[in-house]
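For reference, the chains in residue letters:
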Amino acid sequence: MKKYNFIAVIITLLMFTATTGCKKDEVKFFDGRNSVNFWAHVWRQSLYGATTAEVPQDTMYLDIALSGRKVSRDRFVTAEAVEDAAGTPEASKKTTATPDQYQIIGGVIPADSLNGKFKVVIRNPEALATLPELRLRIRMKESEDFMLGLKENNFIDLAWSREILQPATWRAMRFFFCATYSTTVYKVIMDVTGLREFYYYEGLVTQEEGYVMGKKFGDKVREISAAQGSPLLHEDGPAVGTAIIPIY
Amino acid sequence: MVKVFSKYSIYILLAIAACSCDFKDKGNFLLEPISNINIDTTGIPLQRSIPRDSVLIIDPLVSREGVAESNFNYQWYMTLKPGADFNNARIISNEKKLSVPMEVNPSTDYYSIWFKVTDKTTGLKSGIVWQVVVQPPTNQGLVIADSDDGLSSDLSVVQDTLFTTNWFEKGTTTAKATVYKRNEFSNVNGRKITGLMHSLFAQRLYYNGLNTNFLHGASKNNAFRISTLDYKMIAEGNQLFYDASVNLNIDYYFLNGSTNPWMMNAGKVSNRIIETSSFVGIRKFSIEVPGNYKANRAIAVHPTINQNAIFYDENLGRFLRFGTSLNVKAAPFESTTETTPFAANNLPGYTALGGGLGGDLSEARFVLKKGAYYGVFCLTYTGSPRRVIDISSAPDIANAVSFVFPSDQAVIYYATANKVYSIRIPQGGSPSYSDLYTSPDPITMLEMVRRSGTLDVTYSERCLLAVTYNGSEGKVTALPIPADGLGLGTIDLTRKAIFGGFKKISAVAIQE
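Residue numbers (the numbering used here), protein chains in the order written: chain A, 1 to 248; chain B, 1001 to 1512.
Any given hint could turn out to be false.
Claimed, not checked - Per label pair, the in silico range of CB-to-CB distance:
# : chain 1 : residue 1 : chain 2 : residue 2 : range
1 : B       : L1046     : A       : T180      : 51 to 61 Å
2 : A       : I224      : B       : P1395     : 54 to 64 Å
3 : B       : E1103     : A       : K70       : 32 to 42 Å
4 : A       : I224      : B       : E1473     : 56 to 66 Å
5 : A       : R73       : B       : P1101     : 41 to 51 Å
6 : A       : E133      : B       : G1190     : 50 to 60 Å
7 : A       : S113      : B       : S1099     : 58 to 68 Å
8 : A       : T52       : B       : R1297     : 32 to 42 Å
9 : B       : V1401     : A       : G237      : 51 to 61 Å
Stated by the list, open to error - List time: in silico BS3-like cross-link candidates among lysine-lysine, alpha-carbon distance up to 27 Å:
#  : chain 1 : residue 1 : chain 2 : residue 2
10 : B       : K1116     : B       : K1096
11 : B       : K1220     : B       : K1268
12 : B       : K1081     : B       : K1097
13 : B       : K1329     : A       : K187
14 : B       : K1496     : B       : K1475
15 : B       : K1329     : B       : K1419
16 : A       : K70       : A       : K117
17 : A       : K220      : B       : K1329
18 : A       : K220      : B       : K1294
19 : B       : K1192     : B       : K1232
20 : B       : K1116     : B       : K1268
21 : B       : K1120     : A       : K220
Calculated directly from the structure, the hints in this document are not laboratory data. C-beta atoms are modelled at their ideal positions from N, C-alpha and C, and glycine is treated no differently.
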């Protein structure tokens, strides 16, 4: 009986020693390898109706972000095209462009930076005259500097087209040029201002400058209407077939 | 043995438990106070205001117990811009006593200066921050645009007690001698400004974050903005317009209120928004107010507040007004349809000779002419007709070259080629005329000393300027209005002053 007591005391003390006698370690920093991912999952770019002769190729500048540590030198990253599995219907293919229709240049995370740009050259083949768009899915490749990151983020779906798409800054354009969007309106805006986007809310264009551009847009619409002897019409959009009414 | 072991085992195990633990580093808890670096700023104000290029001296006492003075290291940091952003600062001195000329851009906001002391023996640092306003040198004065060929203009500046506030010898009330900075623009820029200037005014604006004094002006086909600090051209001609293809045919370039610069180009008015402190570059003129109106220089605008601007449209034969803020989506407002004492909205056939706000800025006054009839047409600032005074019998009015509308008097001044007259138009009374001054040289313009910028102008609205040209020399004759002559239309000829030696003068203004 006494022996058991003795053993119990020994075990209790040993456990006490085990719990109090340990060395405390600091929480370790994450020490995995660095990776780079695309910022977005989808990127669309318009060639604004240009023919092959006018614009043979264009470049996509995609945002990439570092996951890991900054270093004081430029680091490079590459990607590869992802072909769809055989038998995928054409409509749901992520990659319809052939390797001669694009060139993956690669990306760079500049020294001491968390973000960088990834460049892809897209060609403007005559096939785009009939095709609505060309698609390409690319995925990051392991490189000397980077390993693969989260697989949810290491790819991006690209698409390019000759169709003119409504610009992201239309929400500001509509207060200076025309209340209704159509490709016709956007073409005239690009023609008179030389701008594809109108960064008013971003603070790059002042209201007064916008007035001047709006007035030029209105003058151009009136000039075209006078030259053709009938009002310039919206070629598409919600007000298709009706006259374009400039704000100024 | 087992018994002995079991008896002492508890102590042995406790000893093991105690030994196996890490020792605590008690160094962190050892509190031995270290002496501070004392920076004695007795008698040194924390905020200073000094003119640009003068030397800022700050001489604080630095001491630390047991440390020799030779063991201190000093650094004086100054922010690159007004504010307290020491991430954008430079070291202006490494001496204990700061004595450096302030060559940064003047601003009405404080720059910060950080005095950092390091004890080389221990690395202990201490510091204190001072604030300093760097004032521009006094550039206030009468700026005169003159021309010898009628095609290009130069700018000269006259500094005198009449035009420059506190133009006194330091610490006295003795007036300083008149300073002429002749041909200041061409001296600095090596060229003249294209065009015969007809408009000049001062307006202080933010320029790349710094409050900067500017002189603005225009000729028929040109307009400009000059920083009066160094007289460098900031922008000229079409650079002042967002629409670079604009055709310039400028009638008048002026301020409506203190913050709204308006451009009257071919009778149409457009405005420019003033820059904010965070804006980079310059803001420009926007589109014109639409409508079939044609404005002219005889426009009544308020000098300080944003109010209606009223003018008589000679083509439409009616008074029109722009709203309190310029609306580029609507034509100017018409006046009320009242017909008494005159039909402001239907008054065809007149020519506008002059206009301005008067009667303590409550009444818009215009001198209109129709045949041999000359009348002063007065409206409220919202465009309602108020009174009309026949001044057809005013002396030699048919040969008047210009009219001046003082803001706080019931008087209108005008000049013919050789005389200056006043017209008293008291409320409810008939007008009376005074012959004030006979000029030896032909008068080309009559102007008033008038503040347009931010700085106070002592003689604002208190001194007429008769501009003359005799074929070879242009002069400005200052005709001060005595305080007891206010509302009476008199001048004090004993204080008359002549500033000569110019070419043919086309515009004058007070710059700062």
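**Message:** Tell me if the straight-line CA distance from K1081(B) to K1097(B) falls inside 27 Å.
**Reply:** 22 Å, holds
**Request:** Please test the hint of 50 to 60 Å on the beta carbon pair from E133(A) and G1190(B).
**Result:** Holds, since E133(A) and G1190(B) (Cβ atoms, about 58 Å apart) stay within the stated range.
**Item:** Agreement of K70(A) and K117(A) with the hint, judged by alpha carbon distance not exceeding 27 Å
**Value:** Given that 27 Å is the threshold and the Cα spacing comes to 15 Å, the pair holds.
**Request:** Take a quick look at whether K1329(B) and K1419(B) sit within 27 Å of each other, Cα to Cα.
**Result:** 45 Å, violated
**Asked** Do the alpha carbons of K220(A) and K1294(B) lie within 27 Å of each other, as the hint requires?
**Response** Distance of about 24 Å is within 27 Å: holds.
**Asked** That 56 to 66 Å hint for I224(A) and E1473(B) (C-beta), does it hold up?
**Response** 57 Å, holds
**Message:** K1116(B) and K1268(B) were given as a pair; does the straight-line alpha-carbon distance stay at or below 27 Å?
**Reply:** 58 Å, violated
**Item:** Straight-line alpha-carbon gap K1120(B) to K220(A), limit 27 Å
**Value:** Measuring from Cα to Cα gives roughly 71 Å; hence the hint is violated.
**Proposed proximity, K1329(B) with K220(A) (alpha carbon, max 27 Å)** = The given pair, whose Cα atoms are some 18 Å apart, holds under the 27 Å limit.
**Hint check for R1297(B) and T52(A) - Cβ pair distance inside 32 to 42 Å** = 58 Å, violated
**Item:** Pairwise beta carbon distance, S113(A) to S1099(B), judged against the given window 58 to 68 Å
**Value:** Since the Cβ atoms of S113(A) and S1099(B) sit about 42 Å apart, the hinted range of 58 to 68 Å is violated.
**Asked** So does L1046(B) sit 51 to 61 Å from T180(A), Cβ to Cβ?
**Response** Holds, at about 60 Å.
Violated hints, in rising order: 7, 8, 15, 20 and 21; the structure is consistent with all others.
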